[in-house]
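Let chain P serve as the given structure and place chain E on it in line with the hints.
Protein chains in written order, with the numbering used here: chain P, 1 to 182; chain E, 1 to 172.
It cannot be assumed that every hint is accurate.
Listed next, the in silico BS3-like pairs over lysine-lysine satisfying Cα-Cα at most 27 Å (straight line) [said to hold, decoys possible]:
id, chain 1, residue 1, chain 2, residue 2
1, E, Lys99, E, Lys26
2, E, Lys165, P, Lys90
3, E, Lys140, P, Lys54
4, E, Lys165, P, Lys40
5, P, Lys54, E, Lys26
6, E, Lys136, P, Lys90
7, P, Lys40, E, Lys136
Selected chain E positions facing chain P (Cβ under 8 Å, derived; list incomplete) [what the hints assert, rightly or not]:
id, residue
8, Val97
9, Lys99
10, Trp100
11, Asp118
12, Gly124
13, Leu126
14, Cys130
15, Lys136
16, Asn138
17, Val142
18, Phe155
19, Thr156
20, Leu160
21, Cys170
No lab work stands behind these hints, which were simulated from the structure alone. Even for Gly, the Cβ is constructed at its ideal location relative to N, Cα and C.
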Amino acid sequence: LFVLLTSLYLFLNSVMESRMDILSLPDVFLRQMMRTMKIKDRLNLRLTCRTFEKLVEETHAGYFREGFITQSSSADPHDSTFSLVIGDQKLDASKKDGLEAFFLLLGRLFNGISFEVFEFRLSGFAFTFPLFEIPSMGTEKVTEGKQVIEDEFLLKFADKLKADKLLFQVDTRAQLRMYACF
Amino acid sequence: RIYPLMRVTLTTSDGASVTVSRQLTKHSGFIEKAITDMAVDDNAVPLSAVAVDVDDATLKLVIEWLTEHRDDALPYPEKTDEERRADDIPAWDQAFVQKWDTKEDQQQTLYAVITAADKLDIKGLLDMTCKTLANKINGKTVEEMREILQLECDFTEEELAEIRKENAWCEN
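So that you can see chain P by itself, here it is in the shape it has in the complex (with noise of 0.2 Å):
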């Protein structure tokens, strides 16, 4: 019996140890994996398991040739809606659907994005700029229009962000110094 449960042992054992898990490889590998991940695949990755939940929040998004924030007309004076584009994945924020759900996603999804080019396309728009602060210049409020841009959600999202050319559409002298925030 001895004899018999030693070899189990030493045969699961062995079962065991030839498999290989992939959280156990190493750190620098999953992360350089990470980048060469697309967005669709990291969201999907977050609903494997936990610590592939942990992995995609606090990893690179890697590098991608073009993004761009735009905002979409909407039916809705009072609410304001954005697409923020990363490569072929489109990711659409509804100020009436809580931007801050939207922050949260984005946070979860990469600790940090690059682009050889992004840009904010936000001209062809009338703005509301809520109250925002710009260092040097204090507290001003601006109003024009009746669309609402939040210069907080540019800001986080900028917080993120590392881009070769940075390029940005405006039409009004506000919307620039609002830009000199970055």
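Chain E only, in chain P's frame:
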């Protein structure tokens, strides 16, 4: 300067010895550092044995890959500021990975080679294996990802529902 005819003896974790050309080991940061630390004359042939924490079977695969890539440029180009693609694996490398027997063995062998590439600090091999694994899961469903990566779902139904709700922002 690397002397192509100089040979290095590597001893594996399971006690085997393999002698290889310095032309191959120059791609391994770990072996190169070990040789430098020995402070031996570069003309000494063969060099003293370098112990590597890799088993014989895996080291043979690593050497096979190094032999094919012996003329690759050094240092290995870091691509942090370029879009990282996973679909540009050279044909020889693809065939090299695919020839590993059964599906499960392939995965285990791949993991062993990844670990060896990390321990031996072979950036080109680590990069290739990284792309290989990424290609296996790119575009797959959550269930397929779990199956490929052999992951157990440890979320509660409520937690899964919450993550799906967060993900819904992107699923348009």
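**Request:** Please work out if E:Lys165 and P:Lys90 have their alpha carbons no farther apart than 27 Å.
**Result:** Holds, because 16 Å separates the two Cα atoms, which is no more than 27 Å.
**Request:** Using 8 Å as the Cβ threshold, decide whether E:Trp100 counts as touching chain P.
**Result:** violated (14 Å)
**Asked** Regarding the hint that E:Lys99 lies at the interface with chain P, is the smallest CB-CB distance below 8 Å?
**Response** This interface hint is violated because 19 Å lies over the 8 Å limit.
**Asked** Is E:Lys165 within 27 Å of P:Lys40, Cα to Cα?
**Response** holds (15 Å)
**Request:** Please verify that hint: E:Thr156, Cβ, nearest Cβ of chain P, below 8 Å or not.
**Result:** violated (10 Å)
**Supplied contact hint for E:Asn138, tested at 8 Å Cβ to chain P** = It holds, given that the least Cβ distance between E:Asn138 and chain P is near 6 Å, below 8 Å.
**Prompt:** Given the hinted pair E:Lys99 and E:Lys26, is their alpha-carbon gap at most 27 Å?
**Reply:** holds (26 Å)
**Evaluation of the interface hint that places E:Leu126 against chain P, nearest CB under 8 Å** = holds (6 Å)
**Asked** Does the nearest C-beta of chain P fall within a distance shorter than 8 Å of the C-beta of E:Lys136?
**Response** Violated. Min distance 10 Å.
**Message:** Hint E:Asp118 vs chain P: min CB-CB distance below 8 Å?
**Reply:** The hint holds - E:Asp118 has a Cβ within 8 Å of chain P, the shortest such distance being about 4 Å.
**Request:** May I ask you to test the interface hint for E:Gly124 with respect to chain P, counting a Cβ-Cβ separation under 8 Å as satisfied?
**Result:** violated (12 Å)
**Prompt:** How about E:Cys170: closest beta carbon in chain P under 8 Å, or not?
**Reply:** holds (5 Å)
Comparing the model with each earlier hint shows violations of hints 5, 8, 9, 10, 12, 15, 19; every other hint is respected.
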